[in-house]
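> One letter stands for each residue in the lines below.
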Amino acid sequence: DAGVIQSPRHEVTEMGQEVTLRCKPISGHDYLFWYRQTMMRGLELLIYFNNNVPIDDSGMPEDRFSAKMPNASFSTLKIQPSEPRDSAVYFCASSLGVGQYEQYFGPGTRLTVT
Amino acid sequence: RKEVEQDPGPFNVPEGATVAFNCTYSNSASQSFFWYRQDCRKEPKLLMSVYSSGNEDGRFTAQLNRASQYISLLIRDSKLSDSATYLCVVNTNAGKSTFGDGTTLTVKP
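Going down the list, the sequences are from chains A and B.
If you're matching positions, the first sequence starts at 1 in the working numbering and goes up one per residue.
If you're matching positions, the second sequence starts at 1 in the working numbering and goes up one per residue.
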């Protein structure tokens, strides 16, 4: 079975540009999570969806960040305009449920904003 | 104060050593607990869940103390392949998932 798929794996962009990160969760998983990982702040939950509906976006840093899940097999995280402090590894994860359920992570997108 | 706190290490141990990691959490509504492993430049992967009665998986033992809001991971007979960062994860039933910053382990020959 394919795991969580993320694209692109690496993204280098200039400050002010729009960045779109993509994620395909594991088929049958009802929950999808977006995380950001940096050395300074560790792994932070940005937003998560249940059945394509955003449930908690309290971790989204500011209005420059937006996330959508138009269907059960696809989600995007968009940053517009991007800033150097957005440089990080962005992980998407999916799970069957919350609480006691394991989250399966994608390989991540390494974003560098110059 | 962070919701989930771990000793960042690094822990440098010889092969065959026993090493223990600790994790404390502050949210008393926390219900589920896990240890994840993250290799360098890779994604986190589940190592084991942590149950109230404690649980063991081969060389790995996890313990939970709800009264003290404390979780531990014990690794016996360390292998070179155990070198990684170990992340403590605490979930509420409402869906909130909080990761610790991780403890880095290096096992040396």
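Worth flagging that the hints you see were computed from the coordinates, not collected in a lab.
Careful: at least some of the hints might be erroneous.
Said to hold, decoys possible - Pair by pair, the computed Cβ-Cβ distance ranges are: (1) ALA72/A - ARG1/B: 33 to 41 Å; (2) ARG1/B - GLU102/A: 24 to 32 Å; (3) SER53/B - ARG64/A: 22 to 30 Å; (4) ALA94/B - VAL12/A: 22 to 30 Å; (5) PRO81/A - SER52/B: 20 to 28 Å; (6) ASP57/B - GLN80/A: 24 to 32 Å; (7) ARG66/B - SER73/A: 34 to 42 Å; (8) ALA72/A - ARG76/B: 41 to 49 Å.
Positions of the beta carbon are idealized from the N, C-alpha and C atoms, including for glycine.
> Now tell me if each hint is right for this structure.
Now for the hints, and whether the structure bears them out:
1. ALA72/A - ARG1/B: 33 to 41 Å: The hinted range 33 to 41 Å holds for ALA72/A and ARG1/B, with Cβ atoms some 38 Å apart.
2. ARG1/B - GLU102/A: 24 to 32 Å: 27 Å Cβ-Cβ, so the 24 to 32 Å window holds.
3. SER53/B - ARG64/A: 22 to 30 Å: About 46 Å separates the Cβ atoms of SER53/B and ARG64/A, which means 22 to 30 Å is violated.
4. ALA94/B - VAL12/A: 22 to 30 Å: violated, 37 Å
5. PRO81/A - SER52/B: 20 to 28 Å: Taking Cβ atoms as reference, PRO81/A and SER52/B lie about 48 Å apart, which means the hint is violated.
6. ASP57/B - GLN80/A: 24 to 32 Å: violated, 44 Å
7. ARG66/B - SER73/A: 34 to 42 Å: holds, 38 Å
8. ALA72/A - ARG76/B: 41 to 49 Å: holds, 42 Å
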